[in-house]
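Asker: Construct the complete structure from the given sequences, taking the supplied hints into account.
One-letter residues, chain by chain:
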Amino acid sequence: MSSQESVAAVPLAVRANVERERRRAATRRRQLFYLALLGLALLAPLAIYPVFLMKLLCFALFACAFNLLLGYAGLLSFGHAAFFACGGYITGHMLSTYSGLSTELGILAGTLASTLLGLIFGLLAIRRQGIYFAMITLALAQMVFFVFVQAPFTGGENGLQGVPRGHLFGLIDMQNNLALYYVVLAVFVFGFAVIQRTIHSPYGQVLKAIRENEPRAVSLGYNVDAHKLLAFVISSALAGLAGATKTVVFQLASLTDAHWHMSGEVILMTLLGGVGTLLGPLVGATVVVTLQSSLSNGPLGEWVHVILGVIFVLCVLLFRSGIVGWLERLVKRNFK
Amino acid sequence: MNFVRNSASAILASSLIAATAQAQISNNEIRIGYLADMSGTYRDLSGPGGLEALKMAVEDFGGTVDGRKIVLFNADDLNKPDVGANTVRQWIDERNVDMVTGLVASSVVLAASKVVEQGGKLALISGAAASSLTNEHCSPNHIHWTYDTFALANGTANAVLKDGGKSWYILTADYAFGHSMETDIKKVVQAEGGSVVGAVRHPFPSSDFSSYILQAQGSGADVIALANAGADTVNSLKTASEFGVTQSGQRLAGMVVFLNDIHAMGLDVTQGLMLTTGWYWDMNEETRAWAERYQKRVGSKPTMVHAGIYSATTHYLNAVKQTGSDDTATVRAQMAKTPVNDMFAKDGRIREDGRMVHDMYLVKVKTPAESKGEWDLYQMVRTIPGNEAFRPLAESQCKLVAKN
Chain A
3 MSSQESVAAV
13 PLAVRANVER
23 ERRRAATRRR
33 QLFYLALLGL
43 ALLAPLAIYP
53 VFLMKLLCFA
63 LFACAFNLLL
73 GYAGLLSFGH
83 AAFFACGGYI
93 TGHMLSTYSG
103 LSTELGILAG
113 TLASTLLGLI
123 FGLLAIRRQG
133 IYFAMITLAL
143 AQMVFFVFVQ
153 APFTGGENGL
163 QGVPRGHLFG
173 LIDMQNNLAL
183 YYVVLAVFVF
193 GFAVIQRTIH
203 SPYGQVLKAI
213 RENEPRAVSL
223 GYNVDAHKLL
233 AFVISSALAG
243 LAGATKTVVF
253 QLASLTDAHW
263 HMSGEVILMT
273 LLGGVGTLLG
283 PLVGATVVVT
293 LQSSLSNGPL
303 GEWVHVILGV
313 IFVLCVLLFR
323 SGIVGWLERL
333 VKRNFK
Chain B
689 MNFVRNSASA
699 ILASSLIAAT
709 AQAQISNNEI
719 RIGYLADMSG
729 TYRDLSGPGG
739 LEALKMAVED
749 FGGTVDGRKI
759 VLFNADDLNK
769 PDVGANTVRQ
779 WIDERNVDMV
789 TGLVASSVVL
799 AASKVVEQGG
809 KLALISGAAA
819 SSLTNEHCSP
829 NHIHWTYDTF
839 ALANGTANAV
849 LKDGGKSWYI
859 LTADYAFGHS
869 METDIKKVVQ
879 AEGGSVVGAV
889 RHPFPSSDFS
899 SYILQAQGSG
909 ADVIALANAG
919 ADTVNSLKTA
929 SEFGVTQSGQ
939 RLAGMVVFLN
949 DIHAMGLDVT
959 QGLMLTTGWY
969 WDMNEETRAW
979 AERYQKRVGS
989 KPTMVHAGIY
999 SATTHYLNAV
1009 KQTGSDDTAT
1019 VRAQMAKTPV
1029 NDMFAKDGRI
1039 REDGRMVHDM
1049 YLVKVKTPAE
1059 SKGEWDLYQM
1069 VRTIPGNEAF
1079 RPLAESQCKL
1089 VAKN
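Protein chains in written order, with this note's numbering: chain A, 3 to 338; chain B, 689 to 1092.
Quick caveat, the hints were computed from the structure, so don't treat them as lab data. Possibly wrong hints are sitting among the right ones.
Between beta-carbon pairs, the in silico distance windows are [claimed, not checked]: (1) A:292 - B:1083: 42 to 50 Å; (2) A:155 - B:1018: 32 to 40 Å; (3) B:871 - A:39: 37 to 45 Å; (4) B:824 - A:191: 37 to 45 Å; (5) B:898 - A:149: 24 to 32 Å; (6) A:292 - B:729: 20 to 28 Å; (7) B:729 - A:172: 39 to 47 Å; (8) B:880 - A:296: 35 to 43 Å; (9) B:750 - A:37: 51 to 59 Å; (10) A:296 - B:824: 33 to 41 Å; (11) A:39 - B:1021: 46 to 54 Å.
Please read these numbers as outputs of a predicted model, since none were measured by experiment. Every residue, glycine too, gets a C-beta built ideally from N, C-alpha and C.
Answerer: As structure tokens, this is what we get:
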């Protein structure tokens, strides 16, 4: 009996070792990949127009925040534009009202406002699931849209214009596009790291468990509502951070950000890139933003919406796990 | 430290660009950007037709000014301020565009004009309505060419009052644009001895106007003013026609209505509507000839926005030709010095607040029986002289006006 156990134990230990080794190699590869990506991002403004890159990063962060909720907690929010816009408007308002306010404090104010809004939304919305959850978030976001149309400080349909970019820490002038780019990149990396950390923490594991089977997570003794609420709040805070940064970049906040189209656009980005993958939203945002800007400059300008629609339909029909999901499968099939 | 070095080089680069801008014609080319809605709500108002109008102006110069090529860029702003502002910023930063025209949705234009001001270039705004562009948002770097909300509300309200419409009921779109228009109308009506018997605000945008129109009808007012725009105006006019508002003796006054709206709705719905326009194709030989030329290329008659784009660009290129420079301040000064005389305007002049002052026209939409063709839509009622039409400088809040 005992000899049998030891016989079985040896290969198990070996297998565990091999497994550990393999994981370590994978981690190293991932780290190298992220480093390469970061290097690319640091050099990108030399080749590509920095304001365009900043726009891309803002939308990518927005999509990543949304993906945290949809991809890892399985919650489809149809009202994320509200947080994006809230961050933008509050930051815009703070920076234009209090001249001399440093940029990072402005962004912080917008992010905090979105976090608070996310808490209120979350408390109400997580009581329901599926389509009802989506409808509640949509309804709340429409209410927020209405507030932004009516509130005197938002400038109604004209939006907030000419928001000063301010000085970072009161020192570095953000009027310089290149300096601002590295700030935006830092903001994005921070947001991405928060999401990465969240997903790979025990908390992230519980989130995934809730996504897969909520009743089972409840039966295991997890406080499902608290977990969902926290995910919702983190996601809305990061969406607000993205919106706040975008306001600083473009020096404006407008109703476009609050409109439900924006909520739809972020869903499009996430699904296109690959929901539930870390890099998916980044890729999706890149594709959508690049298409929008390159098409709007070209002779096909009138067809932007049609082309985006066709791409979306094709993506849903042909590779439902999105571009990154599809690539991941391809890599797995051929190299492992 | 990397970015300190990068920013230092960027500052150096931007100062180099500033230095080259002082040369007579920058880049040896005159670069014009056309930014408009090419695919959405305002497509018919400006869109691809506006680009054609711009091309017509350029072709009239033979594509060059004194041997310097005129280069066009165009982009769709998707009616999104961030897209519009970003496009203009990129044009200025990367392509050193000298002038931007088109410019339709007010939110986009306000955003883009700030970027143009920062970049020290020139914007010739033809499509946008917001009169704040030459009031609290005025700048030496843009000129508002074709019309504005003040001129439209003022012109129509004044004319209808003189025509005997004494009691008014206002249907307002419930957002900043509608509110400011409502205030403008009330001011005019009360100043001219009329009375506003009531007003109702509808959410923006709205599709069901029956309850509002019924309230307006029940008020017994002589005139129902529509302080809304675009699809809202179209829907309220359709509803009014269904309820027989004009047949029962009440008059409708549209504040922001364009030729393409009337054409799309048809005369059955719109007949009898009073409105103000900055230009109409069927005014004289000159306008008819230009409209004919335009129609051959685009397939429809031009709106005032199209004509405005042509006029503004022509005036701009003339100023470039006369001064031999595309430096913003030089050209802007030359444009203000010469009166605008073309098929669009007679003796138009550019005020210091950036308003191009020209005659506006009060028109009445023809009945189907009066109309002789597809585009024979307006009947001229009165010419509103430029100095009556636009907001007087005495009321201006613009920082460029001397008294401020």
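Asker: All hints, please: hold or fail.
Answerer: Hint check:
{"no.": "1", "hint": "A:292 - B:1083: 42 to 50 Å", "in the structure": "holds (46 Å)"}
{"no.": "2", "hint": "A:155 - B:1018: 32 to 40 Å", "in the structure": "holds (39 Å)"}
{"no.": "3", "hint": "B:871 - A:39: 37 to 45 Å", "in the structure": "violated (53 Å)"}
{"no.": "4", "hint": "B:824 - A:191: 37 to 45 Å", "in the structure": "holds (39 Å)"}
{"no.": "5", "hint": "B:898 - A:149: 24 to 32 Å", "in the structure": "holds (27 Å)"}
{"no.": "6", "hint": "A:292 - B:729: 20 to 28 Å", "in the structure": "holds (25 Å)"}
{"no.": "7", "hint": "B:729 - A:172: 39 to 47 Å", "in the structure": "holds (42 Å)"}
{"no.": "8", "hint": "B:880 - A:296: 35 to 43 Å", "in the structure": "violated (52 Å)"}
{"no.": "9", "hint": "B:750 - A:37: 51 to 59 Å", "in the structure": "holds (56 Å)"}
{"no.": "10", "hint": "A:296 - B:824: 33 to 41 Å", "in the structure": "holds (35 Å)"}
{"no.": "11", "hint": "A:39 - B:1021: 46 to 54 Å", "in the structure": "holds (51 Å)"}
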